[in-house]
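The task is simple: from the sequences and hints, build the whole structure.
There are 2 protein chains.
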Amino acid sequence: MTFQSSPVGNEISCVMHGLDEKVLKNNEMLKNLLLEALEQEKFTLLDNIFYEFQPQGCTVLVLLAESHAGIHTYPEHNSLFFYIYSCRGPTDGRKTFEYLKQKLNPKSVDYKERTVIVKQGHKLENRE
Amino acid sequence: MTFQSSPVGNEISCVMHGLDEKVLKNNEMLKNLLLEALEQEKFTLLDNIFYEFQPQGCTVLVLLAESHAGIHTYPEHNSLFFYIYSCRGPTDGRKTFEYLKQKLNPKSVDYKERTVIVKQGHKLENRE
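Protein sequences, first through last, are from chains Z and C. Positions 1 to 128 (our numbering) are the ones given, in order, by the first sequence. Positions 129 to 256 (our numbering) are the ones given, in order, by the second sequence.
Hints listed in this document are in silico derivations from the structure and should not be mistaken for laboratory results. Please note that a few of the clues may not be correct.
[Claimed, not checked] Restricting the straight-line Cα-Cα distance to at most 27 Å, the calculated cross-link-like pairs of lysine-lysine (BS3-like) are: (1) C:Lys247 x C:Lys153; (2) Z:Lys119 x C:Lys159; (3) C:Lys235 x Z:Lys31; (4) Z:Lys101 x C:Lys247; (5) Z:Lys119 x C:Lys235.
[Said to hold, decoys possible] Partial list, computed: chain Z residues near chain C (C-beta under 8 Å): (6) Val15; (7) Asn26; (8) Asn27; (9) Asp47; (10) Thr59.
Small disclaimer: the values here were computed from a predicted structure and weren't measured. Note that CB positions come from ideal geometry on N, CA and C, so glycine has one too.
As C-alpha cells, then:
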C-alpha cells in the first residue's frame, strides 16, 4: 500500500501488573483484544503474527501502515507488556493503550511514552 | 516452544539518521541484515513478517522466543527506526544494534535504552 508517514511518531511501552492469571492465559482473547483496540483508534492493520509458548505465555505482533504494535504475556508474573510505535503524531497510540487498560484492569502500570522524530533536524514545534 | 523468560528485560529504540538512500531502498537486504544481526546475538527467531510500501519504505517484524524486534525505513528522510525488546537481561539487544550500526554506517543515532521489569516488586539489584 501507499503510505506517507509523518516525521513525528510516538512510542508507548508499558508493563501492566496485577492482571488476572486466567485472562493472561486466554491467548486468543488477548490477540483479538489487541486487534480491536487498534481498530478503534483507526490504525490500518496490514498483517499479524501470533505465537503461543508452552506451558503458557503468548506474543502477538501487528504490522500497521503506521508502524507496529505488540503484546507479550507473563502469566507467571501476572503481567503483560504492551508496545506501540506509530507515526501519526505525538499522542498516537494512547487510545489503544487506554482501551487495553480499561478492558484488562491492571492493578498498576509502568508506563513510558516518547516522541520519535525520523527526519533529521525536524523540530517538534514545527509540527506538520 | 518452551521458554522461561527472565523478570528483567531490555528495550532499545533508535533512529539511525543520514543513511544512504540506495541502502534504504534495498528492502530484501535490510530484512536479511536484521535476521543476521539477531542470529549473531543468538536470539531464537520464531517467525517474521515483512511489508514493502509503495513507492518506498518497508517494515520487518521478527518474533523471538525472547520477545520481538523490528525495523521501519524512511528513505525519504534517509533514516531507519530500529526496535528490540528482549528478556535475557539488562544489556540484551546491544550486540544486534551494534551489528546493524556497523553495517549501515549512519551519520548519527538517536538511541534510547531502558530496563523493563515484568515481575512486580522485582529489583534490578536482585538479578536472577
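Taking each numbered hint in turn, which are not upheld by the structure, reported in ascending numerical order?
As far as the earlier hints go, 1, 3, 7, 8 are violated by this structure, in ascending order.
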